[in-house]
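Trainee: Listed below, chain by chain, are the residues.
There are 2 protein chains.
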Amino acid sequence: MDSATALALTIASGKEPIAVHFDYRQRTERKERESFGALCDFYAIASRYIIDLGFFAAIGASALTDRSIDIPQNVGKGIPITYVPFRNGIFLSIAAAIAEKEGASEIVIGAVEEDSSGYPDCRESFLRALESAIGLGTRETTKIAIAAPLVHLSKKQIVREALRLNVPLGLTWSCYQNEDKACGVCESCRLRLKGFALADSIDPIEYLL
Amino acid sequence: MDSATALALTIASGKEPIAVHFDYRQRTERKERESFGALCDFYAIASRYIIDLGFFAAIGASALTDRSIDIPQNVGKGIPITYVPFRNGIFLSIAAAIAEKEGASEIVIGAVEEDSSGYPDCRESFLRALESAIGLGTRETTKIAIAAPLVHLSKKQIVREALRLNVPLGLTWSCYQNEDKACGVCESCRLRLKGFALADSIDPIEYLL
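Residue numbers (our numbering), protein chains in the order written: chain F, 569 to 777; chain H, 569 to 777.
Chain F on its own, in the form it takes in the complex:
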């Protein structure tokens, strides 16, 4: 939902996106890849990269990529077990390589800072630091900004933006656990459902509960 809304905002501003999907062996990869394809089709994006990051399974250390760790239903304070070590750092570094090759001027990410799970790699301070590093680690002529249009929005505001932009929310997926019907109880489902409830709207995807 966040990626799709960030994409819709990018297109609305007149830019031509290159779409990048990461297969990091997360539990819901099949469904997320299906959503990626459907969203690219919906927005008629021809330029697509599907990046295979099978090594995440070897690193593990997260409930999203290690099947021996259950997805929690209630998340306490601090960084939850669904945190994947430096995941967005890796995603953005690869996106920087693609952007440099393609001559793209911006990397767009649907990261959300406040109304989220508290992942350190979703913070704007991190994104700005990595943007500086990308500037120093690429050609002098390469200028790549990191845009995070949702980073300071609440989930309610994201749902409102998505509705305003007619994002096909039925094609998006947020559940950490399931691929057919969303579980409704994982942290990601809870945040999504809270956003729809506060925005006085109904989530079009199917839930188990």
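Just so you know, these hints were derived from the structure itself, not from any lab.
Being a predicted model, the structure only gives us computed values, none of them experimental.
Mixed in with the good hints there might be a few duds.
Because identical chains cannot be distinguished in the list, a pair is counted as satisfied if it fits within a single copy or across any two copies.
Below, a list of computed lysine-lysine pairs in the DSS-like style, where the Cα atoms sit at most 30 Å apart [claimed, not checked]:
(1) LYS711 / LYS762
(2) LYS711 / LYS749
(3) LYS724 / LYS645
(4) LYS599 / LYS645
(5) LYS749 / LYS583
(6) LYS645 / LYS762
(7) LYS749 / LYS724
(8) LYS599 / LYS669
(9) LYS724 / LYS669
(10) LYS711 / LYS645
(11) LYS669 / LYS645
Since the structure of chain F is already known, use the hints to place chain H on it.
Mentor: Then chain H, alone, in the frame of chain F:
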């Protein structure tokens, strides 16, 4: 040679390394992986990661990863065609994830700034910026430094350090082009041979020319 010397310096300082090899579909992957294994055996490093980055072939844009671009023999000014977009940014981001998972306090890289090919992702300014980004994008309790012990050394000084530390230089590989006998004429061979010549020493590996 640079990685092996950085490794030897790390071991000499009493640290316990975890070794990481990246298969980014570079022309000399088979030989580099063999060198990686032989060096790990030599230094009795049990903890090893081999990270498959097949997507570099799809990004291309470098003579190291795109077979349709020849390896140049004479490199002019500016960044050469052997530059792989943001390669070290990607390598270091993945190393950061491994370090965070393993509880390691340092990432060691054999990057060389001055006496090198002029790759932007080998500059100390880049390494320090990425170190800051890694600090902001990982857990509060995670503290990962980037150590680049060779970054301001010349190739001559690197060869001297390697000899002082008894690095098994015959097990290392630098050639961009070949896997059996080094070509002797690519930029990487030239820099290596220059280092040995200025250090009044003989390179133990075999060359075609």
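Trainee: Give a verdict on every hint.
Mentor: Structure-based check of each hint:
In this homomeric assembly, LYS711 and LYS762 never come within 30 Å of each other (Cα to Cα): the closest approach is 37 Å inside a single copy and 34 Å across copies. Taking the closest pair of Cα atoms, LYS711 and LYS749 never come within 30 Å of each other, the shortest separation being 41 Å inside a single copy and 39 Å across copies. Only within a single protomer do LYS724 and LYS645 lie at most 30 Å apart by alpha-carbon distance; the minimum there is 21 Å, versus 53 Å between protomers. Taking the shortest alpha-carbon separations for LYS599 and LYS645, only the intra-copy value of 29 Å comes in at or below 30 Å, while the best inter-copy value is 48 Å.
Proximity of LYS749 and LYS583 under a CA criterion of 30 Å is satisfied in neither setting, with 33 Å inside one chain copy and 49 Å between copies. Proximity of LYS645 to LYS762 under the C-alpha cut-off of 30 Å is restricted to the intra-copy arrangement: shortest distance 18 Å within a copy versus 56 Å between copies. For a Cα distance limit of 30 Å, the shortest separation of LYS749 from LYS724 inside one copy, 22 Å, qualifies, whereas the shortest one across copies, 62 Å, does not. In this assembly of identical chains, LYS599 and LYS669 lie within 30 Å of each other by CA distance both inside one copy and across copies; the values are 28 Å within and 27 Å between.
For the identical chains of this complex, LYS724 and LYS669 are neighbours neither inside a copy (36 Å) nor across copies (33 Å), given an alpha-carbon limit of 30 Å. Proximity of LYS711 to LYS645 under the C-alpha cut-off of 30 Å is restricted to the inter-copy arrangement: shortest distance 21 Å between copies versus 38 Å within a copy. Taking identical chains as interchangeable, the C-alpha atoms of LYS669 and LYS645 lie at most 30 Å apart only when they sit on different chains, with a minimum of 20 Å there against 40 Å within one chain.
The structure shown violates the earlier hints numbered 1, 2, 5 and 9.
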